[in-house]
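Peer 1: Numbered according to UniProt numbering, the sequence shown spans residues 1 to 142.
A portion of the hints provided could be inaccurate.
No more than 20 Å apart at the CA atoms, straight line, and that leaves these computed lysine to any residue pairs for SDA-like [as the list claims (entries may be wrong)]:
1. Lys106 x Glu57
2. Lys106 x Tyr81
3. Lys113 x Gln60
4. Lys113 x Arg9
5. Lys113 x His20
6. Lys106 x Leu68
7. Lys106 x Lys45
8. Lys106 x Thr21
9. Lys113 x Pro10
10. Lys106 x Glu72
11. Lys108 x Gly132
12. Lys106 x Pro32
13. Lys113 x Asp86
14. Lys106 x Asp13
15. Lys113 x Pro95
16. Lys106 x Phe121
17. Lys113 x Pro38
18. Lys113 x Lys45
19. Lys113 x Glu57
20. Lys106 x His122
21. Lys45 x Gly30
Hints listed in this document are in silico derivations from the structure and should not be mistaken for laboratory results.
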Amino acid sequence: MLETGLINRPMSDLLMSLGHTDCIAIADAGLPLPVDVPVVDVSLKVNMPTMTDVLEEVLQYFLCERYLLAAELERANPSIYRQTTDLLQMSLGTPEREIISHEDLKRKLGSCKGIIRTGDFHAYSNVLLYAGSSSRFTRECM
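Produce the complete structure using the sequences and hints provided.
Peer 2: This is how it looks when you write it as structure tokens:
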């Protein structure tokens, strides 16, 4: 039995299945989810865990190349916006940030390989993460 690291099996399976540029979402409790995208529900109760709790753990195992946030998050919950962007900027590499409308973010959920649903009740606390490529891949010629 695994006793360290990410012990949530469905979440670990989701992260292990991703290839370069694949997308996952970490969603708050209220985000409407598409029926055809797998969901790992880690919600326990109101605000447990939060989106940023899950993001912080996911970033221990996930190389993020790019991420999307809704513009509404910065206006509705500026401290969560700052915490989210700080976590992502401290992660491996320097991921590209894209700010879009909440409606556009919801439309992009259908292209995700999976969604991690949290117990977060803070409005617009959602992030889409795009997988980066490891520096372990080498090229003989450029």
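Peer 1: Evaluate each hint against the coordinates.
Peer 2: Outcome of the hint check:
For the hint linking Lys106 to Glu57, the alpha-carbon distance of about 23 Å lies beyond 20 Å, and the restraint is violated. Among the hinted pairs, Lys106 with Tyr81 is consistent with the structure: their alpha-carbon atoms are about 18 Å apart, no more than 20 Å. The suggested pairing of Lys113 with Gln60 holds, with an alpha-carbon distance near 19 Å, which does not exceed 20 Å. A distance of roughly 16 Å separates the Cα atoms of Lys113 and Arg9; the hinted pair therefore holds under the 20 Å criterion.
Proximity of Lys113 to His20 is assessed by CA-CA distance (about 12 Å); at most 20 Å being required, the pair is judged to hold. With a C-alpha separation of about 11 Å, the suggested pairing of Lys106 with Leu68 holds against the 20 Å cut-off. For the suggested pair Lys106 and Lys45, the alpha carbons sit about 23 Å apart, so the restraint of at most 20 Å is broken. Restraint check for Lys106 and Thr21: satisfied, since their Cα atoms lie roughly 18 Å apart, inside the 20 Å limit.
A distance of roughly 13 Å separates the Cα atoms of Lys113 and Pro10; the hinted pair therefore holds under the 20 Å criterion. Under the criterion of a C-alpha separation no larger than 20 Å, the hint pairing Lys106 with Glu72 is consistent with the structure, at around 13 Å. Pair hint Lys108 plus Gly132 holds up; C-alpha atoms about 18 Å apart against a cutoff of 20 Å. A distance of roughly 8 Å separates the Cα atoms of Lys106 and Pro32; the hinted pair therefore holds under the 20 Å criterion.
Proposed proximity of Lys113 and Asp86 is contradicted: the alpha carbons are some 25 Å apart, above 20 Å. Taking the CA atoms of Lys106 and Asp13, the gap is near 23 Å; set against the 20 Å cutoff, the hint is violated. Note on Lys113 and Pro95: the hinted pairing holds, with a Cα-Cα distance of about 19 Å set against a maximum of 20 Å. At roughly 17 Å between alpha-carbon atoms, Lys106 and Phe121 fall within 20 Å of each other, so this suggested pair holds.
A distance of roughly 7 Å separates the Cα atoms of Lys113 and Pro38; the hinted pair therefore holds under the 20 Å criterion. A C-alpha spacing of about 25 Å is found between Lys113 and Lys45, which places the hinted pair above 20 Å, so the restraint is violated. At most 20 Å may separate the alpha-carbon atoms for a hinted pair to count; Lys113 and Glu57 meet this at roughly 18 Å. Between the alpha carbons of Lys106 and His122 the distance comes to roughly 16 Å, so the proposed pair stays at or under 20 Å and holds.
With a C-alpha separation of about 13 Å, the suggested pair Lys45 and Gly30 falls inside the 20 Å cut-off, and the hint holds.
Against the hints set out earlier in the document, violations occur for numbers 1, 7, 13, 14 and 18.
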